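A.B. asks: Take a look at the letters that make up each chain.
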Amino acid sequence: LPFRLHSILLAAMLAWPASLTSAAAHEFEIGDIVIDHPWSRATPAVAPSAGGYFTLTNNGTEPDRLVSITSPLAERVEIHESTVVDGVARMRPLPDGVEIAAGETVELQPGQIHLMFLRPSAPLVEGERFDATLSFEKAGDVEVEFMVQGMGARPTTAESHEDHGEHAQ
Amino acid sequence: MRFLRHIRIAAWMAVAIVGGLVIGLTVLAPDRPGIATNIASSGPSGIGGPFTLTSHRGETVDNESLTGKPYLAFFGFTHCPDICPTTLFELTDLAQELGEDADRLNVLFITVDPERDTQELLDAYMTSFDRRFLAVRGTQAETDAVVAAFAAYAQKVPLEGDSYTMDHTAGVYMMDAEGGFVGTLDMHEPRDTRVQKLRRLIGA
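Protein chains in written order, with the working numbering: chain G, 484 to 652; chain V, 4 to 207.
No wet-lab data here; the hints were simulated from the structure.
Keep in mind it's a predicted model, so treat the numbers as computed, not measured.
Do not take every clue at face value.
One side of the interface only, derived from the structure: several residues of chain G facing chain V at Cβ under 7 Å [claimed, not checked]: (1) A528; (2) V529; (3) A533; (4) G534; (5) V567; (6) P603; (7) M634.
To give an idea of the interface, some chain G residues facing chain V are shown, with a C-beta separation under 7 Å as derived from the structure [as the list claims (entries may be wrong)]: (8) G543; (9) P546; (10) A572; (11) M599.
Far from chain V, by Cβ distances over 10 Å, these chain G residues were calculated [stated by the list, open to error]: (12) E510; (13) D515; (14) D519; (15) S532; (16) A585; (17) V589.
We treat Cβ as the ideally placed atom computed from N, Cα and C, and that holds for glycine.
Generate coordinates for the entire structure from the input sequences, incorporating the hints supplied.
C.D. replies: Dropping the structure here:
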């Protein structure tokens with residue numbers, strides 16, 4: 484296992500410069516909430532939906548909740564959670580949104596909790612950007628910009644690459 | 004004391020045999036039976052029944068047309084933004100790594116959502132992936148049959164309004180040239196391991 488950890492770290496270190504050039508991290512703030520690197524993936528030609536991912540950090544002393552999202556890109560944006568349990572992939576909406584406890588960080592990423600942009604007006608192309616408005620129960624609304632990465636892009640943090648055997652992806 | 008010595012030798016031999024079996028089974032067992040418990044629980048013999056589907060290009064794809072080449076098969080649907088395009092994308096990457104050798108392999112993306120995944124939609128969808136891959140669909144009855152043939156699972160789940168999602172088996176099945184189940188391709192494994200497995204499957 485330590486060997487595996489080393490190779491993960493090494494892979495992350497090797498991958499880092501590439502991720503800097505292709506998709507530099509960017510972040511947004513509203514009140515106590517920091518939204519780190521909203522990104523999406525290029526979609527197949529006629530994909531009826533697109534995913535959306537970012538890291539939410541609550542620097543406040545009260546819990547907050549991401550309740551809804553709107554975007555000119557899509558007719559509707561939902562918050563979903565994907566799981567793979569016993570070999571079966573499932574996806575369920577989270578109608579109550581995502582809670583971010585005080586001082587905590589929540590990652591939205593492929594195969595786990597993610598945004599789903601329904602019926603995007605155009606296929607997403609790597610390198611493009613699109614806007615969205617995130618609404619938090621307490622912090623309020625914030626405009627963010629999603630960066631479209633490659634179709635097989637993965638989160639940029641090392642720990643999110645591994646140890647999610649029970650998650651989809 | 005010769006007798007005792009014989010017993011000791013026999014005991015060590017037993018240890019060696021059992022140990023060998025354990026190692027052998029660990030090495031030979033499908034790499035991750037858990038990737039689709041359905042596969043594990045029904046065993047390899049439960050996979051590979053007859054099915055007939057139609058590809059995004061309009062050809063009939065059935066057990067007979069697939070015979071002669073090993074193939075990969077996995078279940079999905081285009082309204083899935085997350086897992087399905089990722090699997091197709093990663094398989095595209097592996098096929099490109101194999102280059103012409105990948106001609107000796109068929110890759111089937113079997114939709115579990117024939118209602119929304121029309122042939123026309125699949126045809127446009129597949130332009131984003133390796134052109135050798137086939138998206139295949141059937142009537143609801145044909146879809147049920149292929150799910151059963153792979154001892155897989157697919158279930159429509161209603162969502163708010165008139166929309167729905169599909170729960171489905173997530174693994175990638177590796178099948179030999181006679182349509183026999185070989186094992187599953189674990190997309191979490193290192194890329195090199197997956198490439199090697201595919202090379203082994205096609206005998207390259």
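A.B. asks: Determine for every hint whether it applies to the structure shown.
C.D. replies: We went through each hint and held it up to the structure:
no.	hint	verdict
1	A528	holds, 5 Å
2	V529	holds, 4 Å
3	A533	holds, 6 Å
4	G534	holds, 4 Å
5	V567	holds, 5 Å
6	P603	violated, 10 Å
7	M634	holds, 4 Å
8	G543	violated, 30 Å
9	P546	violated, 25 Å
10	A572	holds, 4 Å
11	M599	holds, 6 Å
12	E510	holds, 23 Å
13	D515	holds, 29 Å
14	D519	holds, 20 Å
15	S532	violated, 4 Å
16	A585	holds, 29 Å
17	V589	holds, 17 Å
Of the numbered hints stated above, those contradicted by the structure are hints 6, 8, 9 and 15, listed in ascending order.
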